[in-house]
Structure formats: C-alpha cells, structure tokens
Amino acid sequence: MSALSGIRVLELAENVAGEYCGKLLADFGAQVVKLEKPGCGSPTRRLGPFAPAGEDPERSGLFAYLNTNKHSVELDVESEAGQAALAQLLGKVDAVIDDHNVGWLASVGLDPAKLEALYPALVLCSITPFGGELPEDRKHAEDLTVFHSSGWGYHTPTSPDTSLPPLNAAGRFLPSYEAAMDAALCVVAALYERDEKQLGRFIDISTQQVMTSRCDYVVAQMVAGDMPISTERNAYDLAGPAGIFPCREGYAYIWMSTPGHWAGLREMLDDTAWMDEFPENWLERGCTPERVALCREHVARWLATQDKHEVAAAAQKLGLVVVAVNNGRDLQASEQYQYRGYFAEVDHPVQGKALYPTVPYQLSETPARIERPAPLLGEHSDTVSDILEEGAA
Amino acid sequence: MSSQQRGGPLQGVRVLELTKVWAGPAVGKLFAYLGAEVIRIESEGSLDVTRTFGVDDINNAPGWQSVNPQKLSAQVNMKSEEGIELILDLAARSDILVENMRPGAIGRLGLGYERVREANPGIVFVSMGMWGAEGPLSYQTGYAPCFAALGGVSALVGHEPGAPAGMNLRYADSTFGAAAAYAAMVALFHKRRTGVGQFVDVSAVECMTSMIGDSIMDYALNGVVQDCDGNRHPELVPHGVYPVRGDEWVSIAVRGEEQWAELARSMGQPELLEDPRFSTFALRKENESALDELLVAWTSELSAMELVSILQRRGIAAAKSLSSIDLVADPHLWMRGFYRDVVDHEGRAKTTLGPSWEMTRGADLHDAAPALGQHNDYVFGEVLGLSEEERKRLAEAGITR
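Residue numbers (my numbering), protein chains in the order written: chain P, 1 to 393; chain V, 1 to 401.
Hints in this document: simulated from the structure, not taken from any laboratory.
As the structure is a prediction and not an experimental result, all values here were calculated from the model.
One should not assume that every hint holds.
[Stated by the list, open to error] In silico lysine-lysine, DSSO-like type, Cα no more than 30 Å apart, as pairs:
1. P/LYS139 with P/LYS114
2. V/LYS79 with V/LYS392
3. P/LYS37 with P/LYS114
4. V/LYS285 with P/LYS37
5. P/LYS139 with P/LYS37
6. P/LYS197 with P/LYS92
7. P/LYS317 with V/LYS79
8. V/LYS285 with P/LYS139
9. V/LYS20 with P/LYS317
10. P/LYS197 with P/LYS114
11. V/LYS79 with V/LYS20
12. P/LYS37 with P/LYS92
[Claimed, not checked] Quick list of simulated restraints, FRET-style, between CB atoms:
13. V/GLY337 with P/LYS139: 12 to 22 Å
14. V/ALA105 with P/GLU267: 17 to 27 Å
15. P/GLU133 with V/GLU306: 51 to 61 Å
16. V/GLU274 with P/PRO135: 29 to 39 Å
17. V/GLU81 with P/GLY352: 56 to 66 Å
18. P/ALA273 with V/GLN269: 31 to 41 Å
19. V/GLY7 with P/GLU136: 31 to 41 Å
20. P/ASP347 with V/VAL196: 24 to 34 Å
21. V/ARG192 with P/GLU116: 18 to 28 Å
Every residue gets a Cβ at the ideal spot worked out from N, C-alpha and C, and that includes glycine.
So here's chain V without its partners, still in its complex pose (with noise of 0.2 Å):
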C-alpha cells in the first residue's frame, strides 16, 4: 500500500516505470494523475535525455517537467546484479511495471517478463515497442514521426491529393502512451477480480491505425485507399480553416441544409441560397472550390472574434485556430483547472497541464516532476523496508546511484 493518500480511483496502485524519453513516461503520467504512485527508476550513468540535453540543471530540466509530475525518482544503478535484484524487489511490491526501451534491452538487463513474473505473478508488464515485442519487424527502431507515418496517419494529412505533409512531427508519444494506460488499466482491472497479472505488448504504429480506423475500413470494404484532401470532408461543407485580419485563421465546419442557410445569412448573401451551384448538398461538394473563394471573401474582412461569435450566434461551428500565444492564454482551459500550479522539489510554485478530466473524488496533483533521486529513502526505506544502514551501504557501494 503506498504511503500517498491523494484520493482517486487509483489510490493505492503502485506503478514501476522503466522508461525513457516521452510515451512510456505517458503512461505514468496518466496512472498517476489517477491517483496511483509512481515511481521512475533512474540511473545515473544513463539519464533520460529529457533531463540532460541541452540542459544546465538536470533537477529543472523543462522536458523531464513536462511528462512526469506527481511521480516519484528512485536511484538504481541497472548495470548491478543487486541493482537488479533491487528492481525485482520493487516488482513485488507493484502492479505495473511499464517499458519502452529499445527492443530487447529490458530482456538483456535482466528484467523481462518471465523473471520479473518470477518476483512478482501478478504483475502487469507493460511493454511498448514501435512495432510491438514481437514479428518480423519488431527489432526496428523510430521517433514518433515514424509511428505517424508507418501507420496510415501522414499520408492523409496534406493540402493537395498525393503530396501527404502529415501531422505536426510531435504527434504520436502521447497518444501510444494513452493506449497503453488504457490496456494496462484493463489488465490491472483483471488483477483485481482474478489475481492474475499478464504481458501488454503495444504496438506504437497500430496505436496511430488505432486513429484513422474508419479511413482503414473504407479499404477493408470497398479497396479504396484514401488521401489527404486539404481540409475537406465528405459530410460537411464548407469545411476548412479561413483567414482573418492580422495573419489569423478561423476553423469552420458546416453541417446539413438549416446551418447552410444561416452560413449564407451570416454572410449578408441569401441569394446563394437560390444559387444553382450550391443549391444541394452534392453540389455545394462539387462546386467547393467556388464556396470557399466567396467564403474567403467574406472571412479576410473580419477578425477572429466577430467571425467566431457571428457563426457561433447561428449555430455553426466556428473556432480560431490556436497559436501557442492563443493556447497558453486560452481563458477557458485556465478556468478547468487544466493549467495549475504543482510544487516543485525546492518549493516554488510551477504551472503545468492537469489531466484532460474532471471526475467527483479525483486525485489531488501537487508535485511537479521529482529531483533525480528524491525518494530514494521513502521508496528503499518504506516501500522495500531496508534499514538505514543498508540503504547507506548501498549508496556507497554505488548501487543506487
């Protein structure tokens, strides 16, 4: 039982983190922002890039903040026998133990599923892999822009057919840390009601499937391969994102014939509603190009906000597309409580994102991203209940360092 009482449905969880970088620290994220505790163990002689690269300080290196508040650092030195027997002791006395290092690698240090299920039989091992733990392509390797594009995603983001730009190259970490929370919640889930742990295999390219299925099974049923298509969409017209004075852009989704009509209203012109080019949905799709010239027209002339709030007015989804000044600022995600303040590992207030949620009993989120090796003494003192004579025999010998 962990020692963190910070309410939540996962309270009480224990969650083992053998991660690097930003999607297996994803996964902790989540878990702990549902109130379990979770520790990343890290070793010295190989940081987390996240808090080494191009960074003065290791303790407030802005990556490493990003992805892991509320968990805690514990010290292992893994190129040990007894720092692996350290990890296995820790296994015990968790329900999930997360991976995404290189495939293999976790096998060769001496902690792959079968020994570390030899620890503990009920532990839920979550592995994460670009291509998954096992299959022919299993032993490749890639950044999360090659998730995007190996699984089907880049190719329909583009704004001419056959010249795919893809995704922002951000996209993918945190939506394959997302799946696998997912999968090793429902795991953890089975633990629960059976006992029984088991090995989560998830694969970063299928997560990116995972997200166009519906493209995916227009070629499942009909053979047809989709493409990207700028912003259209084949239900909705116009469909796009529009200019507006001062370089801004404004998202507009129209729906059905009542939201056709007031879009035309909106824009001072009802005669396009006799306009025999636009007079149906099938040719309003047809005569696109025609739409969104006059739709420019009309959009280049207003700002954001009295494009936003005449659409809005009518019932017509309308949204300005957010800079990173936009974001940041956004009222209304600062009003959720999303943007908040944790405490950081010398005191001083840090703003950073809460969990995408709210949910009646949640956890409390205080702490930003530990220090390397902040609880060492609560995890090899409280959680393996080492004396204090051991644990300092184990400093000096260089084992949790």
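Same shape as in the complex, but just chain P (with noise of 0.2 Å):
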C-alpha cells in the first residue's frame, strides 16, 4: 500500500502537464482513470519519442512514460451520453485533473464557478498557461512561449551571445512537468484537508506563474524594487568565469565564486603562473570583465585536455567545483543512479522493457513505485461500471 492508495482520480487531461500531475499521484498509488477519446486516444500517443516496436496508438514512448499505473478508458466526454456518463463519474471520484484550455471545463458540464454547488467534496484541478482568467493576446500558448512569458527565456543562456535568439528551456515540456509538480502539491494538500472536512476545492494553476516562482529569489526582489530591472538579457546573472567548457569528450561545468574555489583551481592546473596576476579574492572582490576574460581563456585551455568525469572527481577532492554536463547516456550508466535506482525497467505489453526515468524522491515508508505499465488504450474501459455500480449497491 503506498501513500495515495484508495483516492482516485479521474484524469480528463489531454496534455503533458496533465498527464505528468496524474502520474505523480499514480505513482504512489492513486487510482487514476483516464478518459480518453475512443478510437485516437490522447494526443499523446501521437507524440514521440517512438518505440521501435509497435503500431499507433501503443508506440508513443511520451504516453508510456506519463501514464504509468493509470487506468485507460475510452469516452467521448464530448458527446451527450459521454457528458451523462462523466457527471455520475463526478460524484464518485476524489479529484480531478484536467489540462484544457479555459471555459472547456464548462462546455462538458464542470464549470468550476459551479463546483461548490454540484460537487461540494471535488477537488477540481485545472492546469492553463495563464490561469482561469485569459487576457485576448494569450488565447494561444505552447510550452515554448509561456517559457517566454516567464523571463526564463529572455535569459537564456546565461551570458548569451545577444545577436543571436534567447533560446527555449531544456527539451520540449520543461514548463509542462513543473507546472504539474504545483498541480499535485495543491491537489494533494487539498485531499488532506478533504480527509477531515469532506470539502473539495477548485485549483486554478498557471504555468506563467509556476514558471516565474521558480526564479522566486530574482523577481521577488525585482518587484520589490531591491534589484535593478532593465532590458538586458544578463539581468538574471551572476558576474564570474562559471560556465560550460568542452572536454577531451563532452562538456564540463566549473563554477568558482570563493576564494577556497581559487585556490583549488590553483592545485589543480599545471601552468599557475597566470594566476599570480590576480588577488587572492577576486571571485568576490575584484570580478572585472578582464579577469573573467582571461581566467575563462585558461580554464578553457585546461579543460579541453581532461576528462570530464575524472575532472570532476579530482576538483570535488580539492573543493573545486566542477561537474560533468550529463546526457542520456551518462545518466543511465551512472553509478549514483544505479545505486538509487533511478531508472525502473518496465515491460510495456506492446514496446517491450525499458529503463524508465522514474521520480526524484525516495520515502522509506510508501516509496512511488511503477507497478503497472502506462494502459493500452480502453484497456479498463469496464472499470467506469465498475465505479458507477459501487455507489448504486
């Protein structure tokens, strides 16, 4: 039995942050039933990255990995009798995620300005880019312009080269999982106060806002008038010689900030005489443009001739901060990983095992655990008797 055993959730989410909010809570046991449309399924299973093995919709590596534990039926909640079928649903289930945009709550029969009303114990959980309340030039929003809206991308990367683009966050749903991590917090908060009071709540989470949050420590103090704002795409950084310097093979990252980091550096490298030239604390003294300049030429030259991994685990030995830039690759083969066991192989019924990503967190009582491989699509489309004849006996 895991922590969320015995709530169950009904999944009306079409979209990554949705998707990836119910996994979270499937993961420790929730029941989670996703309505999907008959025939297609979510949009999901159109997405890749792809299996080689399979035939749509069961090949979409995407809908594998956020849908794993959930349980799969086919509804058209679109449709009259889909629309009936939902609302006696809604009287049998704890929560509700959904991912469509604003007012689709309304046009299937949940309007949350109603939900006190109808469904007095729901917790109802809308995830949109702006929120509930939708200004005309934000109708449309992907992943790529929300991050946008949220000054993450106007300050990527850090020290940019400004001729060219501000670029987009990592991969293609970074703003999507973060906005469903809010998502689960709230609804699960909102369960444990449902556990005492029998009360449900409406949850209206905006992706712009989770995103902003996470630079909480810069915007609050930039609207609180503490920390220059201003038009520069540098404005959320950091002066100092940190940064990404290619290795023998792949990449590394140094970060120095401390006196202690400089004088790791120091043991470090062959060639220090350069380094005579500069104040022992000019990390936090003395950061010039000139120095950083050249101290980043050096580090360069330096790096270039080592590898990344055994780089790494020299410079932690001296207090020297440097760490490999990881890929696929070096994740799965990482030691620390293996020991965590981080990633879960799962047998997926039509693309066969796999070494899933699974979650960042280890509880030593109701660990999240995959138990199930994501549904094919209807596979449990009986289980919606099932939950409507348990209230009528």
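Hints are included, so try docking the two chains, each in its own frame, into the full complex.
Structure below.
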C-alpha cells in the first residue's frame, strides 16, 4: 500500500502538464482513471519518442512514460452520452485533473464556478498556461511561449551572445512538468484537508506563475524594488568565470565564486603563473570583465585536455566545483543513479522492456513505484461500470 | 495546533526548517502558502548567507525576503546540546522537518533522522542533497547550475548541436524545492491516515532529469542521445524566437497545417502555401532555416505588440519574450494577484510573489519574511510552553541566540 492508495482521480487532461500530474499521483498508488477519446486516445499517444516496436496508438514512449500505473477508459466526454457518464463519475471520484483550454471544463458540464454547488466534495485542478482569467492576446500558447512569458526565456542562456535569439527551455515540456508538480502538491494538500472536512475545492494553476515562481529568489527582489530591472539579457546573471567548457570528450561545468575555489583551481592546474596577477579574493571583490575573460581562457585550455568525469572527481576533492555535463547515456551509466534505482525497468506489452526515469525522491515507508506500464487504449473501459455500480449498491 | 489561523488546506500543520539559501526554503515557502505554520530555526553564529552576503541590515536582506514570506523565525544556538534539545522538542510538536545542509551535517549536529524520530515517530523528515542522502556520490556538493549540468538539462540548451550553453544559472533550486515539497506532502498525507512518519530523501540532480523525462525516454527506447538544437521542436514548425523592432523578441510556435496556412496569410505571403519547399510538415522541417529567414524578414519590421496581436488573432501561439522590466510590469500577473503586498516586521508594505495557484478557500498571505528571532516568544512560549522565566534563562545563557 502506498501513500495515496484508495484515492480515485479522474484524468480529463490530454497534454503533458495534466498527464504528468496524474502520473505523480498514480506512482504513489492513487487510482488514476484516464478518459480517452474513443479510437484515437490522448493526443500524447501521437507524440514521440516512439518505440521501435508496435503500432499506433501504442508506440509512443512519451505516453508510456507519462501514464504509468493509470487506467484507460474510452469515453467521449464531448458527446451527450459521454457527459452523462462523466456527471455520474464525478460523484464517485476524489479529484479531477484537467489541462484543456480555459472554458473547456464548463463545456463538458464541470464549470469551476459551479463546483461547490454541483460537487462540493470534489477537488478539481485545472492547469492552463495563464490561469483561469485569460487576456485576448494570450489565448494561444505552447510551452515555448509560456517559457518566454515567465522571464526565463529572455534570460536563457546565461551570458548570451545577444546577436542570437534567446532560447527555449531544455527539452519540449519543461514548463509543463514544472506546472504538474505544483498541481500535484495542491491536489494532495486539498485531499489532506478533505479527509477531515469532506470539502473539495477548485485549484487554478497558471504555468506562467509556476515558471516565474521558479525564479522567485530573483523576481521577488525585482518586484520589491531591491534588484535592478532592465532590458539586459544578463539581468539574472552573476558576474564570474563560471560556465560550460569543452573537455576531451563532452563538456564540464565549472563554478567559481570564492577564494577557496580559486585555491582549488591553483592545485589542479600545471601552469599557474598567470594566476599570480590576480588578487586571492578577486572572485568576491574584484570580478572585472578582463579577469573573467583571462580566467576563462586558461580554464578552457586546461579543461580541453581533461576527461569530464575524472576532472570532476579530482576537483571535488580539492573543493573546486567541476561537474560533468551529462547526457542521457551518462545518466543511465551513472553509478549514483544505479545505486538509487532512479531508472526502473518497465515491461510494456507492446513496446517491450525499457529503463524508465522515475521520480527524484525516495520515501522510506511509501516509495513511489511503477507497478504497471501505461495502459493500452481502452484497456480498463470496464472500470467505469465498476465505479458506477459501486455507489449504486 | 498552530496559533496561526490563515485558512488554506494545510492550516494546523507545522513545518520546521533547518535550511539554507534557496532550495530548502522553497519547500517551507510552498507549505506556508498552503496555510501551514513554518518555523525557520536560525543561529546567530551561522546565519543564512542570504541574510548577510553584501547586505547592510540582516532584517531587510532582499534575498532572504524573497523566499521566506509568511514564515516564523526562532533562534537556537545549534552548537549547544541544550539548543539541540530545544529543536528536538519543537520537532516533537511538528509534522515536517526540512533540511538541506551539507551532506552529513545534520547528523553531526545530533539532529539526524534516527534521533528526531525518537522524539517524534510521526515526523516527516525531508533531507535534500545534490545527489540525495546515500550512494557513492552523495558526499559531493554543488550549486544550482551543477544540478542542471549533472541532471542532463544543460546539454539540451544551446544554439547549435554539440555546443551546450545551459539554462539560466538561476534554474534548479526552486524546482528542487517543489519536488521535495510534493514528496513531503504525500508523506504528510500518509501520516494523517496512519500515524506513520518517514524519511524523504530528495536528489537535486534527479529533479533535473525529471524535467526532461521524455528526452531520456528516447535513450531508453532507441539509444538516442538528444542534443541541443537552438529553438527547434520535432513536432512544431516554425518554432522559435524571432526579432522584432526595438531589439525585442517574440516567441512563436506553429502547430499543424491549419496554423501554417494562417501564418502564411498573416505574413501576407499566401504563395508560401504553394511553395514546394514548405508544402508538407516534413518539408517545412527540412527547409526550416529558409522558412525562419522568411519569418525573420517579416517579424523584424513589426513591433512585438503588433506581431503578437496579428498571430493570436489567427489562432497561433505567440508571446513577447519578457525582459525583467516587462515581467515586473506584466499586467496579467498583477491582475491575478501574483504580485502582491505583504507587511514586514516594521509594518511597511512590501511587494512579493504570491503562489503559482489560485484556489477556493486559499490561505491568506499577509506577512513578509521575519526578522531574526521575531517569533522567539511565540515559538518557545506558546509552542513549547516554556515559562517567561525559563525563556529568559535560555536567552541569557545564549541558547536562543
């Protein structure tokens, strides 16, 4: 039994944000029933990466990843019959996750404004790019445009070449994953209170706000008037030589901000004559652009001859912070990830076996677990009648 | 039971923070914003660097203020055994303890999980480390950009394949905090149902990998190591950030045939729809550079507002890339109450960030971050029930300093 056993969640979501939220709950034992459009299923079934084996709609690795432990029920909630079934289901679940556009919930009979009257004990969570009140010029959004509406985009990467455009986040869906975490947190918090008071609530997650919050240390200082705001693309940055440098193979990231780091660097390098021109505390008290450039030049020359993993291990011992810039292969090979079991083998009936990334937290009593692969489309369509009959008895 | 009645789903929950800098305090902030009473334990001898670094007044330190609204501050000298006993007494009256000290430090203080559990078997003990609490690399430490580099995030951000530049260096701490908060919340839920507490071990590097899970799945299924590729996207084209007048930028993402047709019409170039280079999705991907060049020529002549409004009217996702001025001035974030005023320890209004959510019966957010020891009396008097005399003795002996 895991922590959320006995909780029943209806997932109306059809995008990454809502499906990841559902996964966060399902991996802790909640029964997450995913309603999918008959015939084609969730749109995420048509997004890559695709497994070499299998055929549509069962070969999406994205869907397989996002929907572990869930149940799939084919039901068209946009049809009249579907809405009648949905209305019955809503009385028999604890929480609902949605990530459709603003207004969609009302169109299927679940208007958040009427939630208290219709389903007073239901926790309803909606994840949308800008929250429930939507300005005209923000009706259409994708993860890229939300990322750039949050302040992150304009300031990515650090120390940019300003002749090049600002960049997207890592991967396709980072803002969606981030929003899903806040959504899952709020849903379980709401269920916590509901356990005692039998009261539900509407939760309106704005992905723009989630992403802006992820830089709260900086942005809160800016809105308080304690940190300068500007049109500079390095407005979030810190001065210093930190950055990513090429190694013999791949890349390493080096961080330097204290005299201790500087002393560590001196021990690592063969040629240290150039360092004698620098004050020992320059990283804290004399970080001029000229010194930063000269330091970066020497660090680049040195790291280009190093193995990223070996140099990182050696630096850690000397109090200098160097780490490998890892990729997917490095992560699967990581002894630390293997020790913690971060990757778990999942046997999907169509796609076969693969090592899935799991969750970043280990709970000693109620660990998250992948008990079942993502469902085939409609695999649990019978569950609906079970749920409906349960209450009728 | 907390004396703080601010509403919200977690009213009555008490969280003890033994945290530093940003990621640990982010956990307490999320709990405070959900209505919990969050107590930061502070020691005059080892104050948080965000209170002190480059700051004149530790009680008005901007960095400190940004991630600690609505929390309480109580001072305990953690170098004294009596101070450690006080913290254990507080832990006995708390639901959650969060720590993000250097690896092993909490145990050396005498506040490791085993000892805290003796004081409170139901405690949810949240330990946050770069690599998590155990394993061959758990001794290593680093800063946020290290988490992003190690976790696979940095490799996916860069203008050209094979030249990673990484996310902005501020990325990772708050994400780490959110993941830890969710795990703690689940453990708290379990505690309410069963009375059983547990050890929650959160890895910052794994948090980063979880933000690119689908990219990692490509390696899992196909052995493909994904690389950075500017602003390109496998399913959307065009997809990028384009220059507009006045050195500004607009992000645009076009999905499907219908939106492509709307884009060509928006550009006043419907002939592009007949252009053999762009007639299918696959061809547009193949000729994406040529398409981007045409788009840049068009967007460069427009203002950000004109471009966004033209595209939005036609159903295409477009948004100005917000500078820090734009972000702080964003009318939508003000209208949502995301930017809002709290009241500091001297009664002055201070603007800060509210939660990322709105919810029915949400918690009030009223107080700015606390001054050092602002809540000593409440915490030692009301929570621990110590007499005034005893509190005076502890203060004079330097235990609550």
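The hints, checked one at a time:
Under the criterion of a C-alpha separation no larger than 30 Å, the hint pairing P/LYS139 with P/LYS114 is consistent with the structure, at around 23 Å. About 19 Å separates the Cα atoms of V/LYS79 and V/LYS392, which keeps this hinted pair within 30 Å; it holds. Our distance criterion of 30 Å between C-alpha atoms is met by P/LYS37 and P/LYS114, whose separation comes to about 25 Å. This hinted pair checks out: V/LYS285 and P/LYS37 have alpha carbons roughly 29 Å apart, not beyond 30 Å.
Note on P/LYS139 and P/LYS37: the hinted pairing holds, with a Cα-Cα distance of about 24 Å set against a maximum of 30 Å. With a C-alpha separation of about 17 Å, the suggested pairing of P/LYS197 with P/LYS92 holds against the 30 Å cut-off. Between P/LYS317 and V/LYS79, the direct Cα distance comes to roughly 27 Å. Compliance with the 30 Å bound is thereby established for this hinted pair. With a C-alpha separation of about 26 Å, the suggested pair V/LYS285 and P/LYS139 falls inside the 30 Å cut-off, and the hint holds.
The suggested pairing of V/LYS20 with P/LYS317 holds, with an alpha-carbon distance near 23 Å, which does not exceed 30 Å. Restraint check for P/LYS197 and P/LYS114: the C-alpha separation of about 19 Å stays at or below 30 Å, so the hint holds. For the hint pairing V/LYS79 with V/LYS20, the CA-to-CA distance comes to about 17 Å; that is within 30 Å, so the pair holds. Our distance criterion of 30 Å between C-alpha atoms is met by P/LYS37 and P/LYS92, whose separation comes to about 21 Å.
As the Cβ distance of V/GLY337 to P/LYS139 is approximately 21 Å, the hint placing it in 12 to 22 Å holds. At about 24 Å, the CB distance of V/ALA105 to P/GLU267 agrees with the hint of 17 to 27 Å. For P/GLU133 and V/GLU306, the hinted distance range of 51 to 61 Å is not satisfied, since their beta carbons lie about 24 Å from each other. Checked against the hint of 29 to 39 Å, the C-beta distance between V/GLU274 and P/PRO135 comes to roughly 35 Å, which is consistent with it.
Our hint of 56 to 66 Å for V/GLU81 and P/GLY352 holds, since their Cβ atoms are close to 57 Å apart. In this structure, P/ALA273 and V/GLN269 break the distance hint of 31 to 41 Å, their C-beta atoms being roughly 59 Å apart. Distance hint for V/GLY7 and P/GLU136: a CB-CB separation of about 33 Å, consistent with the stated range 31 to 41 Å. For P/ASP347 paired with V/VAL196, a C-beta distance near 31 Å keeps the hint of 24 to 34 Å intact.
Distance hint check: the CB atoms of V/ARG192 and P/GLU116 are about 24 Å apart, consistent with the given range 18 to 28 Å.
Violation of the numbered hints given earlier is confined to hints 15 and 18; the remaining hints are satisfied by the structure.
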